[in-house]
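Here the protein sequences come in this chain order: D and L. Every letter in the first sequence is one number past the one before it in the numbering used here, and letter 221, counting from 1, is 221. Every letter in the second sequence is one number past the one before it in the numbering used here, and letter 58, counting from 1, is 388.
These aren't lab readings, by the way, just hints derived from the structure by calculation. You can trust all of the hints, since none of them are fake.
Stretch-level coverage of chain D by chain L, calculated; a stretch enters the list once three of its residues show a Cβ under 8 Å from a Cβ in chain L: (1) 200 to 210; (2) 219 to 228; (3) 247 to 259.
Please read these numbers as outputs of a predicted model, since none were measured by experiment. Don't be surprised by glycine CBs; every beta carbon is placed ideally from N, CA and C.
Number of protein chains: 2
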Amino acid sequence: MNRLRVLFACTLLAGLSLVSAVAFAQDSLPSWNDGKAKQSIVSFVEKVTKEGSADFVPVAERIATFDNDGTLWAEQPMYFQFLFALDRVKVLAPQHPEWKTKEPFASLLKGNVKGALAGGERAMVEIVMATHAGMTTEEFETVVRDWIAGAKHPKTGRLYTEMVYQPMLELIAHLRANGFKTFIVSGGGIEFMRPWTEKVYGIPPQQVVGSSIKTKFELRDGKPVLMRLPELNFIDDGAGKPVGINQHIGRRPVFAFGNSDGDLQMLQWTAAGGGVRFMGLVHHTDAAREWAYDRTSAIGRLDKALDEAQAKGWTVVDMKTDWKRVFAFE
Amino acid sequence: MNRLRVLFACTLLAGLSLVSAVAFAQDSLPSWNDGKAKQSIVSFVEKVTKEGSADFVPVAERIATFDNDGTLWAEQPMYFQFLFALDRVKVLAPQHPEWKTKEPFASLLKGNVKGALAGGERAMVEIVMATHAGMTTEEFETVVRDWIAGAKHPKTGRLYTEMVYQPMLELIAHLRANGFKTFIVSGGGIEFMRPWTEKVYGIPPQQVVGSSIKTKFELRDGKPVLMRLPELNFIDDGAGKPVGINQHIGRRPVFAFGNSDGDLQMLQWTAAGGGVRFMGLVHHTDAAREWAYDRTSAIGRLDKALDEAQAKGWTVVDMKTDWKRVFAFE
Numbered sequence: 001m002n003r004l005r006v007l008f009a010c011t012l013l014a015g016l017s018l019v020s021a022v023a024f025a026q027d028s029l030p031s032w033n034d035g036k037a038k039q040s041i042v043s044f045v046e047k048v049t050k051e052g053s054a055d056f057v058p059v060a061e062r063i064a065t066f067d068n069d070g071t072l073w074a075e076q077p078m079y080f081q082f083l084f085a086l087d088r089v090k091v092l093a094p095q096h097p098e099w100k101t102k103e104p105f106a107s108l109l110k111g112n113v114k115g116a117l118a119g120g121e122r123a124m125v126e127i128v129m130a131t132h133a134g135m136t137t138e139e140f141e142t143v144v145r146d147w148i149a150g151a152k153h154p155k156t157g158r159l160y161t162e163m164v165y166q167p168m169l170e171l172i173a174h175l176r177a178n179g180f181k182t183f184i185v186s187g188g189g190i191e192f193m194r195p196w197t198e199k200v201y202g203i204p205p206q207q208v209v210g211s212s213i214k215t216k217f218e219l220r221d222g223k224p225v226l227m228r229l230p231e232l233n234f235i236d237d238g239a240g241k242p243v244g245i246n247q248h249i250g251r252r253p254v255f256a257f258g259n260s261d262g263d264l265q266m267l268q269w270t271a272a273g274g275g276v277r278f279m280g281l282v283h284h285t286d287a288a289r290e291w292a293y294d295r296t297s298a299i300g301r302l303d304k305a306l307d308e309a310q311a312k313g314w315t316v317v318d319m320k321t322d323w324k325r326v327f328a329f330e
Numbered sequence: 331m332n333r334l335r336v337l338f339a340c341t342l343l344a345g346l347s348l349v350s351a352v353a354f355a356q357d358s359l360p361s362w363n364d365g366k367a368k369q370s371i372v373s374f375v376e377k378v379t380k381e382g383s384a385d386f387v388p389v390a391e392r393i394a395t396f397d398n399d400g401t402l403w404a405e406q407p408m409y410f411q412f413l414f415a416l417d418r419v420k421v422l423a424p425q426h427p428e429w430k431t432k433e434p435f436a437s438l439l440k441g442n443v444k445g446a447l448a449g450g451e452r453a454m455v456e457i458v459m460a461t462h463a464g465m466t467t468e469e470f471e472t473v474v475r476d477w478i479a480g481a482k483h484p485k486t487g488r489l490y491t492e493m494v495y496q497p498m499l500e501l502i503a504h505l506r507a508n509g510f511k512t513f514i515v516s517g518g519g520i521e522f523m524r525p526w527t528e529k530v531y532g533i534p535p536q537q538v539v540g541s542s543i544k545t546k547f548e549l550r551d552g553k554p555v556l557m558r559l560p561e562l563n564f565i566d567d568g569a570g571k572p573v574g575i576n577q578h579i580g581r582r583p584v585f586a587f588g589n590s591d592g593d594l595q596m597l598q599w600t601a602a603g604g605g606v607r608f609m610g611l612v613h614h615t616d617a618a619r620e621w622a623y624d625r626t627s628a629i630g631r632l633d634k635a636l637d638e639a640q641a642k643g644w645t646v647v648d649m650k651t652d653w654k655r656v657f658a659f660e
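Construct all of the structure, not just a fragment, from the sequences and the given hints.
Written out as structure tokens, the structure is:
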């Protein structure tokens, strides 16, 4: 009788955990509307995690890579890292009286961003180097931490870390719950992201791949530091993304998500692996809740990658119809 | 009565698991002789994993970095990767008739390694580029896999992957069992190590940091590949090691192990973090079981780092007295 009672209790428990497992699976993407995009994600994860299936992928190979700007958080009206640089120019201006008459800084300090950027890529690089180099890695980390803790987005008035997409947070968590290792592979600065990605996305520093400037090991008063030099090291964008993935991860992703032409090669690289793969794009179609832009946008242009996604049947998320909620604060 | 019986069973179980936990702790480094080196490792791990202690380190920050050549596997009579390159020169020679008269290849093909290396660093770089570049990353991976599966060490006649140090394998496993993430940070080629480090050390590709040549994303007959270019990208040695650690891991190690002056800056960088840290060096003192070399060796010179270790009280492993066994095959 005792044995029977135990058996009964066990069956009940097993039943309950089955119910809760199913409930969890149904609930793990609550901010996604039912539709092709959500279905393609759920079905991919089911396929590659089902032991014994032909599509099964061992845990060690469950590598998922995500672009950041426009894929995990917003990128309008300008990349947030560029807004950071503009804020830094203002903070640093008193130490640089020469900026009053020197472009691109002179225009910037008058609030004329367009004028400053008339100098093209050279102007951009000058702004980045003036604000990102000439300090130790620890000093830069502190600057980023302080900025990200307080700076507000010009349109929403929200902290930048509040402008992450709730459906993508759920997707990352869903993948991790299914044995995936999630990586950021972004054109943004690697050291600009690392101070906050663990808290915001649960992605630790060693799983962040990004653009970088060179650093140099030095002893300063006998203390070892890494100085940030005004010299480009690596641009993790476009054809650079597979290079960065190979350099940092050393394994081809089975799952990759981006939102712009800068992600095309990452998706191609992912697709070219054997077996079942997932390639996804966020299409910004929602001018009311976020922004609507694609083929002609200066920031986050999505043109060639959209054509290739449509031709090859990759998942294209229509933000307006596929996402129940865009931001958690809605 | 039933409740008492359950209580008794639980106490017994708790007692048993306590016993086995202690037994495990005593046994986790069986190839290490009792002594200062072993004690320093055990006591460090106890300190940083004890919750509530002032020295406690959260799991996310338990980063341990290991040099490879001379620290995890042997490096005499020459770095194994260089022996790989020499083997490759022989294999590739029929496709390069010009090598018969062109140095450093002409000397190499006559078995005159010393003559080939008379050309200094330039000769080395030429040999590396001729054997490591000009193919895709996948092709190179296959070449490395094939070589490592069959090539034998000139002195021991063993596979190179058998020439890993048994005490260091136990140390890596002990750290991992205590929540550490273990990384390789080696002057060796990152793509030369990745094909076998997971199997041999349990260290996956994304936790391998090393030297590299540049790669380039290309579409070859519509298929994306990464071509390996004959151009240096990064030398992960000496002052390069903290740079590589920062670039790949983005977090300062709390534990670092090396064996030569090329590891000095990695140990300095580790030591300069706050709180308790572990810095270790393997000192090759055992000419009978392995090799004995230090201050004047061309390969793995240990001179300045030995002085600094002694001055600062870092752990120096005396291979002869601290290791019960060097290789598993003994």
